[in-house]
Amino acid sequence: MLRCSLTNIALALCAFLFTNAFFRWVLPFPEIPPISEKLRFYEAHRDQIDTLFFGSSRIYQELSPSIFDSEMRARGLETKSFNFGVNGMFLGEESYLLEKVLPHASARLRWVFIELEPLPISFDPGNSGSQRIGYWHDLRRTRAVVEEIFRLDSAGRTRAKWEVIFGRPKQEQRHDLLFLHLSLFTKNFLNLGQVRDVLDWWQHRSGESDRINLGPAVDGYRPIQVRLPPDKAASFEEALRASMATARRKPLDRATEEICRRSAAEILHRGAQPIFVVTPLRDQTQFFFAQPATGLATVLSFNDATRYPDLYQTSVRLDSMSHLNEEGAQNFSRHVAERFAAALHEGTIK
Amino acid sequence: MSFVEFRFLWFFLVVFAVYWSLRGDQSRKVWLLACSYFFYAAWNWKFLFLLCGSTLIDYTVGLKLEREERPHIRRRWLCLSLTINLGTLAIFKYFNFFVSSGATFLAWLGLPASYSSLNIILPVGISFYTFQSLSYTIEIYRRRLHAVPRLLDLAFFIAFFPQLVAGPIVRALAFLPQLNTPRRFATVDVRGALILFLIGFVKKACIADGVAVLADQYFGQPESYTALSAWIGVLCYAVQIYCDFSGYTDMAIATARLLGYELTLNFNYPYLARNISDFWHRWHISLSTWLRDYLYISLGGNRGPRWFVYRNIMLTMLLGGLWHGAAWTFVIWGGLHGGALIVHRAWRERRAPAEENHGWRRSLGWLFTLYWVCLAWILFRSANLSQAGYIVRSFVFLQDNGPNKLDASILFLLAALFLIHWLNAIGWFDRWWRRGPAPVFAAGYGCAAAGVLLFVPTHYTPFIYFQF
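The listed protein sequences derive, respectively, from chains A and B.
Taking this note's numbering, the leading residue of the first sequence gets 1, the next gets one more, and so forth.
Taking this note's numbering, the leading residue of the second sequence gets 1001, the next gets one more, and so forth.
If you're looking for bench data, these hints aren't it; they were derived computationally from the structure.
Just so it is clear, CB atoms sit at the ideal spot from N, CA and C, and this is done for glycine as well.
It is possible that some hints are incorrect.
Said to hold, decoys possible - Covered stretches of chain A, going by a simulated chain B footprint (3 or more residues, C-beta under 8 Å):
| no. | segment |
| --- | --- |
| 1 | 19-32 |
| 2 | 187-196 |
Said to hold, decoys possible - So, partial list: chain B residues that the calculated Cβ filter (under 7 Å) puts toward chain A:
| no. | residue |
| --- | --- |
| 3 | 1439 |
| 4 | 1443 |
| 5 | 1445 |
| 6 | 1450 |
| 7 | 1454 |
As the list claims (entries may be wrong) - Listed below are several chain B residues computed to face chain A (Cβ distance under 10 Å; list not exhaustive):
| no. | residue |
| --- | --- |
| 8 | 1006 |
| 9 | 1185 |
| 10 | 1190 |
| 11 | 1194 |
| 12 | 1441 |
| 13 | 1442 |
| 14 | 1444 |
| 15 | 1446 |
| 16 | 1447 |
| 17 | 1453 |
| 18 | 1456 |
| 19 | 1457 |
Bound conformation, chain A alone:
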């Protein structure tokens, strides 16, 4: 009797898991407004695009493909780039999206710029139920995040994080974080509510959709024109001075490095070159890969107020202080093109 019951339970469980895996395999990519639009656009124009920029709002609002291309052209190099940046897209989601994009890439793709930042393990609680937080929680990325959570040391001191982005999760938050990420993984694996995605996908299958998120030049870049208000300028300068005074070189954590290594391997496998970019953050910590391997060597860091003073003037910063406005974005795009062209010239990037 017991044996029979256990067999039936195992059978039901297997059928459940198998069906979930099957659904996961056949279900379309979820319809997520800014990401899906960019994916559709890229699929439609992949034969023309050879350079991609992946990252958060600091790529989306700060790196102009048209300026980058014209700067490269001025240096004798023809590029056609597209900005795949999305507000709030950090390393876990970024690498997941990259894996979805690369199989559809054409042979023309040569360079992939990835915003480099430590893997976030905590989120704004208000976003915890959002689709954006959940959809990229596959086994690999969830495992990386969970490993990072376990590395929170017992003294309550956390691993180095860019406080300006996520804040520092405390030791006592470990269980909550574990619960959050594991439940997101479970929801994702169980395809919870994904019939909604199918309906959304069906509605958008024609390909033509709202292009607002693709920006004015339809290249994925969407600048913001607001300037840092004068009352905040002083506090920005003060925080910057403090950050410069404590600036140091620091190795990236293992989980971040592992995800970057995998992304780099995927890009190299597709015949393209990965380039990691640190955007002009207020935080001046210079991160580096502790165990550089193939593909991880090229890191272009721009969070250096001494080297790039034009990116740290209060006139080019946004209200949030860690972002650039349109004027700053134009400068940043030029600097990226300049550093990239130089690296190509030196042969550090092929």
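Following the hints, position chain B against chain A.
Chain B only, in chain A's frame:
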């Protein structure tokens, strides 16, 4: 913790595995009682004292009623139980309502009175377990039940977690005898329980939470929608409340059944009722029978002159409305049903019963009953009477309150749901899942469960009846 949360699944797996692995019936009861208290404490552990206090009082009163022979002393013991149980319910649920209503009434008389309301948290499930607990003392008072000698049995009856927070309101007479016979896993209808749980889950998580979006959208701003949208909003709410509550009940019954206990049937396809009386034999059966047996009959029931009976019906329904919540909208909801029951009773007294069951009259009766029930739901769902007025104007007189429209294609979905509901009522689905060997059922169940999850909305709406 609710039945549709993942943590309940883990909780139940542990409860189930340990429960059936224990040898003695007593140890199983102790284990289930501990789990039930844990289940309740997961919401708010402080109110566990209230639950235990209520149990202790009714246990003592039960023993006294059993031993006492003098009627007037017995009546006093019963009054004590009623006063404490209903008094607790009144304080937690109705204090602010009565104080503010009293102040409003005095102001209307031109005697403005200042009052202060208390910031009271309503203990979850208090309306349910109070009625359950009362059924125990009343039945002993009526000499239809013997007092339980062991406190454990009564505590288990009141706190049994599947029905603790939102019913069904299990009667002592139906449940306590089950505690006297040891439970055996071999007699458990596992297949039936699993199917019932899945059906309940689909009702709650897929249907009720799905249509709740439209219902909330409409009831949030009824003054800005068209008459058609009013119909859509009200129908969506009718579907939501049925699927929400009956879904919870199905899961509660299934959970209890997996542990070897049978709970009372609470819903029997109420939207297929042919008249309002039939509706109340099918909707929230455990409450309606409780009210009938302990309130309506205590008021005199069907005995006496016609107007006396009508008064009893109306009082019962008004109090039934008030049981749902401390607001005048609930009282009027009860009044609407009471009025309909009186009209139906008066009509039935003048007609032969066969006439009612005749072809087109039967269909017309069903339609009119559904319409009246939906109309009453407006009062039940509305935040206040003025909002209800807006909706009733749209629903009854087809007046547009504003230009906004809800997506009318939902009506096709509602029609499809109704068809499924009807097919289920005639037992069409039973033919399928009862067939086949156990391994086929197990594999099919796994696939079906995975399929159901696709339709679960990512937002979670709490069970409506938790607030009562």
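Would you pick out the hints that fail for this structure and give their numbers low to high? Of the numbered hints, all hold.
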